[in-house]
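Enquirer: Sequences listed follow chains A and B, in order. The opening residue of the first sequence carries number 1 in the numbering used here; numbering runs sequentially from there. The opening residue of the second sequence carries number 1 in the numbering used here; numbering runs sequentially from there.
Treat the hints as calculated values from the structure; they're not laboratory data. Among these hints, one or two may not hold up.
Stated by the list, open to error - On the chain B side, residues computed to face chain A include the following (Cβ under 10 Å):
| # | residue |
| --- | --- |
| 1 | Gln37 |
| 2 | Asn104 |
| 3 | Pro106 |
As the list claims (entries may be wrong) - Distance ranges between label pairs, derived from CB positions:
| # | chain 1 | residue 1 | chain 2 | residue 2 | range |
| --- | --- | --- | --- | --- | --- |
| 4 | B | Glu85 | A | Thr10 | 25 to 33 Å |
| 5 | A | Ile62 | B | Gly40 | 24 to 32 Å |
| 6 | B | Ser9 | A | Lys108 | 34 to 42 Å |
| 7 | A | Glu79 | B | Ser66 | 40 to 48 Å |
Every residue gets a Cβ at the ideal spot worked out from N, C-alpha and C, and that includes glycine.
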Amino acid sequence: GENVEQHPSTLSVQEGDSAVIKCTYSDSASNYFPWYKQELGKGPQLIIDIRSNVGEKKDQRIAVTLNKTAKHFSLHITETQPEDSAVYFCAASRRGSQGNLIFGKGTKLSVKP
Amino acid sequence: EPEVTQTPSHQVTQMGQEVILRCVPISNHLYFYWYRQILGQKVEFLVSFYNNEISEKSEIFDDQFSVERPDGSNFTLKIRSTKLEDSAMYFCASSDGGGREYSNQPQHFGDGTRLSIL
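My request is simple: use the sequences and hints to build the entire structure.
Expert: Here is the structure:
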């Protein structure tokens, strides 16, 4: 079955710097890759997603890149702000599955003011 | 913005007791999911539900678990005889289908129910 690896497990940056979180997946049939932000005591909140027919997607300060050949995808946050501090999860869903999301273990991002 | 709501936020139950976790998905969504997150671990898929039947389930979702959509708005997860290892955060999610391949439709999560088994 699908396996999603996520790195790093913790990331600390200064406010205004960029943050990059990387994920790899094992199932070449995966075709949908969402990223979620989870704040303390809250559920995962979808922040951006990418489908396998595109290589990059951007939404303001957040961007995601996908390399299908290498089976990895990354989240890029530019101009980080203290409110970006949270746990970020990547996930993958396989074509033909019933929406089963396989999650990475999460990255705890701390943005220091 | 429409959201998925879950009740209760925290449930404490004695081992061996039955528990029902409740969810109200986003109103026009057609696909419903349960996930769980044991403290400090990754979010794990339990089950997906569409058209009043289970679409897919994981190995975690054994005979002790069941799901139901008792009316047009609620979606429930029942654990018949709880075990200590069932202690976790349980998240409900829903997504829109619209006839497209729903393996790649955005899933929106509730804030979860923390289940504590004593």
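Enquirer: Using Cβ atoms only, decide whether Asn104/B comes closer than 10 Å to chain A, and label the hint accordingly.
Expert: 3 Å, holds
Enquirer: Does the hinted range 40 to 48 Å hold for Glu79/A and Ser66/B at CB?
Expert: Given about 47 Å between the Cβ atoms, the range holds.
Enquirer: Going by Cβ atoms only, is Gln37/B closer than 10 Å to chain A?
Expert: 9 Å, holds
Enquirer: Falls inside 24 to 32 Å, the C-beta gap from Ile62/A to Gly40/B?
Expert: This hint holds: roughly 25 Å between Cβ atoms.
Enquirer: So, Pro106/B near chain A? Judge it on the closest CB pair being under 10 Å.
Expert: Check passed: Cβ of Pro106/B comes within 5 Å of chain A, closer than 10 Å.
Enquirer: Range hint 25 to 33 Å: satisfied by the CB atoms of Glu85/B and Thr10/A?
Expert: Given about 27 Å between the Cβ atoms, the range holds.
Enquirer: Do the beta carbons of Ser9/B and Lys108/A sit within 34 to 42 Å of each other?
Expert: Violated, at about 23 Å.
This entry does not satisfy hint 6, going by the numbered hints stated previously; all others are met.
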